[in-house]
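> The residues making up each chain are set out below.
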Amino acid sequence: MNNSRIYFRLIIFFAILSWCAGFTLNVFTNGSAFSVASTPIFNFFYDNVCHQNESKLISLNGFSFLVCSRCSGIYLGSLFSSVFLLISLKKKEIPLKIFSIASIVLLTDVILNNFLLNSYNKISAFITGLFFGSVCFLVIINLMEDHILSKAKY
Amino acid sequence: MFSGYNKPDGGSYFIKGKILISSKQYISPLVCGFAAAVLSIIPGLKAFACCLIVPVAAFFSLYLYQKINRNKEVVTSRKAITFGLLTGLFAALFSTSLDALLTLITRTNDFVETLPETEALMRDYNLGPIMEETIKVLKVMAADIKNSGFSVLYLITMLFSNLFTNTIFGLIGGLLGMNYLNKRYSNKN
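Chains as they are written, first to last, in this note's numbering: chain A, 1 to 154; chain B, 1001 to 1189.
Okay, chain B solo, but in the shape it has when bound (with noise of 0.2 angstroms):
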C-alpha cells in the first residue's frame, strides 16, 4: 500500500501512498459497481432490495476479490474502505450513465412524469417569487428531457446525488462485508 524509498542526494525520503496495489483491483468493485447500477434501475426490483443494493455490492467486491487472489489473510479496514467507496464511486458512475441513456432513448422518466403533480402541489401552498423561479428551472429541465432526451442541469443532480448516497452506502456495505469476512476467518482457524 505504501512505499518508502529514500532519496538518492541524501537521507530524506519521501512515502509514495497508492489506494491499491495494481489495476487489477480495481476488477471487483467495477463488476460489483456495475451490477448494482444496472440492479437500481430495474423497479420491480429496487421495492424489494431498497437502499441494500449498494451495500451488498460493496460486500460481493470484497468478496470476489478475496475468491479471485485466493487470499486467504484478514481484510483491513483500509482495503474495506477503499473497496467500499470504490463500488460505490462505480454504481453512481454507472447509475448516471444508464439513466442518461434510457431518458435519451425514451425521453421520459420519474422526474418528467411526477412534475405535474409536484408542481400543483407546489402552487397550493402560494410559496411567492422564490417558488415559481423553482418551478421554472425544474420546467426548464422537464422541457429539455421532452425534447432531446437530455439536460445538463438534470445528469449533475443525478451524479451529484448519486455520488453522495452510493459512496456512504458502499463504506457502509464494505465495513460490513469486512466483519463478516474477518469472523469466518478467525471462525476457520
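Chain A extracted, bound-state conformation (with noise of 0.2 angstroms):
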C-alpha cells in the first residue's frame, strides 16, 4: 500500500466529510447559531443539487438536513464507503453488474414513490439512496486512483 494511495483516500474522505457536515450542521449541531446564519450561504450550493423539497427532508428535533432523504443516503453511503476504504486501506474492485442493481433499485424507488404510490416513503428512499451512494463511491474511488497514481508512477 503506497502513501499517495492512503493521501488520496484522505483527501476523499475529508471533503465528502465536509459536503455532508454541511447539509447536516443544522440536525447534528441542534440549529446552532453558526449553522442557522450558514444555511442561506449553504443552500446555494445544495440548492443545485437538490430540489431540497420540505416534505422529502429529513427530520430530527425540529431541525432538517438541506437536502432531501435519498441525496442524504447517496451522500452519507459515500461517506461511509470512504471511511471504510481508509481503514481497509486495499483496493476494491465492484463489478458493473452490482452497480447497476443499485442504479437499478434506485430508479424502482424514485419510480414507485413518484408516479406509482404517490407517497414518498424517506426510509426507502434514504436506504436505496445509501446502497447506491455507497457502490457509486467505491467504483469512482477505483477509476480516480487508477487515473491519478497510475500518472504518479510516471
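Just to be clear, a hint being listed does not mean it is correct.
[Claimed, not checked] Cβ pair distances, simulated, as ranges:
| hint | chain 1 | residue 1 | chain 2 | residue 2 | range |
| --- | --- | --- | --- | --- | --- |
| 1 | A | Tyr7 | B | Ser1097 | 34 to 44 angstroms |
| 2 | A | Phe28 | B | Phe1164 | 20 to 30 angstroms |
| 3 | A | Lys91 | B | Asn1147 | 52 to 62 angstroms |
| 4 | B | Val1038 | A | Ser32 | 33 to 43 angstroms |
| 5 | A | Phe28 | B | Phe1160 | 20 to 30 angstroms |
| 6 | B | Gly1044 | A | Tyr7 | 39 to 49 angstroms |
[To be verified] Below are the DSBU-like pairs computed for lysine-lysine, each with C-alpha atoms no more than 35 angstroms apart in a straight line:
| hint | chain 1 | residue 1 | chain 2 | residue 2 |
| --- | --- | --- | --- | --- |
| 7 | B | Lys1067 | A | Lys91 |
| 8 | A | Lys92 | B | Lys1183 |
| 9 | A | Lys122 | B | Lys1183 |
| 10 | B | Lys1072 | B | Lys1139 |
| 11 | A | Lys91 | B | Lys1183 |
| 12 | B | Lys1136 | B | Lys1146 |
| 13 | B | Lys1024 | B | Lys1183 |
| 14 | B | Lys1067 | A | Lys97 |
| 15 | A | Lys92 | B | Lys1067 |
| 16 | A | Lys97 | B | Lys1136 |
| 17 | A | Lys90 | B | Lys1136 |
| 18 | A | Lys90 | A | Lys122 |
| 19 | A | Lys122 | A | Lys91 |
| 20 | B | Lys1188 | A | Lys92 |
| 21 | A | Lys97 | B | Lys1188 |
| 22 | B | Lys1072 | A | Lys92 |
| 23 | A | Lys91 | B | Lys1188 |
These aren't lab readings, by the way, just hints derived from the structure by calculation.
Predicted model, so just to flag it, every value in this text is computed and none were measured.
All C-beta atoms, glycine included, are put in the ideal place defined by N, C-alpha and C.
Can you join these two chains into the complex? Each is in its own frame, and there are hints to help.
Structure below.
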C-alpha cells in the first residue's frame, strides 16, 4: 500500500466529510447560531444538486437536513464507503453488475414513490440512496485511483 | 493529445499540450451541458432527477462523442475526466445564464421568495451584529432583483456555486460513463 493512495483517500474522505457536514450541520448542532447563519449560503450549493422539497427532508429534533432523504442517503453512503476504504486500505473492485443493481433499485424506488404509489417514503429513499451512494463511491474511487496514481508513477 | 516537436536550433523540445484535439470535440459537452442546464430549471423534473442530471449529461456527452465519431476505441480516463469537467462547466454557465434571464424577466426567484422566512428564522436566534450585516446583504440582493431583475452579487454567488457543484458531478458522471462504455466495449470484443 503506497503513501500516495493513503493521502488520496484521506483528501477524498475530508472532502466528503465537509460536504456531508454542510447539509447535516443544522441537525447535529441542534440549530446552533453558526448553522442558522450559514444556511442561506449553504442553500446556494445544495439547491443545485437537490430539489430540497420540505416534505422529503429528513427532520430530527425539529431541524432538517438541507437535502432530501435520497440525496442524504447517497452522500452518507459515500462517506461510509470512504471510511471503510480508509480502514481497509485495499483496492476494492466493484463489478459493474452490482453498480447496475444499485442503480436499478434506486430508479425503481423513484418510480414507485413518485409515479405509482404517489406517497414518498423517506426510509426507502434513504436506504436505496445509501446503497447506491456507497457502491457508486467505490466505483468512482477505483477509477480515480487508477488514473491519478498510475500517472504519479511516471 | 500531446504533440512534441524538435526545436530547429537545437536538440531540446517542447511538449505542446491540448485538452482536446479539435473544436468539434467540444460540441457534445456543449450540447449535453446545455440540455442539463435546461432540465435543471424545470421544477417538476428536478424533483425526480435531483443530483443525477449533470452526471447523466456527462455520460451522454461521452456516448454522443463515441457515436458521432463512430469511435470504437476504449475511452481513456483523461478523456472521461475532460468531458465530465467540460459538461459540468457548460451546464454551470448555461444554468446561471438561464437563471439570470428568468430572474430578469420575472423579477423574482426562489431566493427572493424564501428570504422573509430565512430572515424570520435568523432573527429568532439573536445572533448579533454579524447576523444583521448578513441579513442586510441578503436584503440588498433581493431589493436589486425586485427593482431591476438583476443583482451582481447574486449572479456571482450562483455562478460560483454552480461551477463548484456541476464540475464535480460532471467529473463523476464522466468516470462512470467511461466505466460503462469500456465494459460494453470489452464485452463486444
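> Hints first: check each against the structure and report whether it holds.
Here is how each hint holds up against the structure:
1. For A/Tyr7 paired with B/Ser1097, a C-beta distance near 38 angstroms keeps the hint of 34 to 44 angstroms intact.
2. Hint check: A/Phe28 to B/Phe1164, Cβ distance near 23 angstroms, so the stated range 20 to 30 angstroms holds.
3. Distance hint check for A/Lys91 and B/Asn1147: the Cβ-Cβ separation is about 57 angstroms, which falls inside the suggested range of 52 to 62 angstroms.
4. Between B/Val1038 and A/Ser32 the beta carbons are some 38 angstroms apart, a value that agrees with the proposed interval 33 to 43 angstroms.
5. Taken as a hint, the range 20 to 30 angstroms holds for the pair A/Phe28 and B/Phe1160, whose Cβ atoms sit roughly 26 angstroms apart.
6. Between B/Gly1044 and A/Tyr7 the beta carbons are some 43 angstroms apart, a value that agrees with the proposed interval 39 to 49 angstroms.
7. At roughly 32 angstroms between alpha-carbon atoms, B/Lys1067 and A/Lys91 fall within 35 angstroms of each other, so this suggested pair holds.
8. Distance restraint check for A/Lys92 and B/Lys1183: the Cα-Cα separation of roughly 17 angstroms lies within the 35 angstroms cut-off, and the hinted pair is therefore satisfied.
9. The straight-line distance between the Cα atoms of A/Lys122 and B/Lys1183 is roughly 34 angstroms, inside the 35 angstroms bound, and the hint therefore holds.
10. The straight-line distance between the Cα atoms of B/Lys1072 and B/Lys1139 is roughly 54 angstroms, outside the 35 angstroms bound, and the hint therefore fails.
11. For the hint linking A/Lys91 to B/Lys1183, the alpha-carbon distance of about 19 angstroms falls within 35 angstroms, and the restraint holds.
12. With a C-alpha separation of about 15 angstroms, the suggested pairing of B/Lys1136 with B/Lys1146 holds against the 35 angstroms cut-off.
13. Only pairs whose Cα atoms come within 35 angstroms are accepted, and B/Lys1024 paired with B/Lys1183 is accepted, the gap being roughly 26 angstroms.
14. For the given pair, B/Lys1067 sits about 24 angstroms from A/Lys97 by alpha-carbon distance, which is consistent with the 35 angstroms threshold.
15. Using a Cα cut-off of 35 angstroms, the hinted pair A/Lys92 and B/Lys1067 holds, with the two alpha carbons roughly 31 angstroms apart.
16. Distance restraint check for A/Lys97 and B/Lys1136: the Cα-Cα separation of roughly 52 angstroms exceeds the 35 angstroms cut-off, and the hinted pair is therefore not satisfied.
17. Distance hint between A/Lys90 and B/Lys1136 is unfulfilled; the C-alpha atoms sit about 51 angstroms from each other, more than 35 angstroms.
18. Proposed proximity of A/Lys90 and A/Lys122 is supported: the alpha carbons are some 33 angstroms apart, at most 35 angstroms.
19. Under the criterion of a C-alpha separation no larger than 35 angstroms, the hint pairing A/Lys122 with A/Lys91 is consistent with the structure, at around 33 angstroms.
20. At most 35 angstroms may separate the alpha-carbon atoms for a hinted pair to count; B/Lys1188 and A/Lys92 meet this at roughly 25 angstroms.
21. Restraint check: the Cα-Cα separation between A/Lys97 and B/Lys1188 comes to about 16 angstroms, which is no more than 35 angstroms; the hinted pair holds.
22. Of the pairs offered as hints, the one joining B/Lys1072 and A/Lys92 holds, with about 28 angstroms between alpha carbons and a cut-off of 35 angstroms not exceeded.
23. Annotation: proposed proximity of A/Lys91 to B/Lys1188 holds, straight-line Cα distance about 27 angstroms (limit 35 angstroms).
Consistency note: the structure conflicts with the earlier hints numbered 10, 16 and 17.
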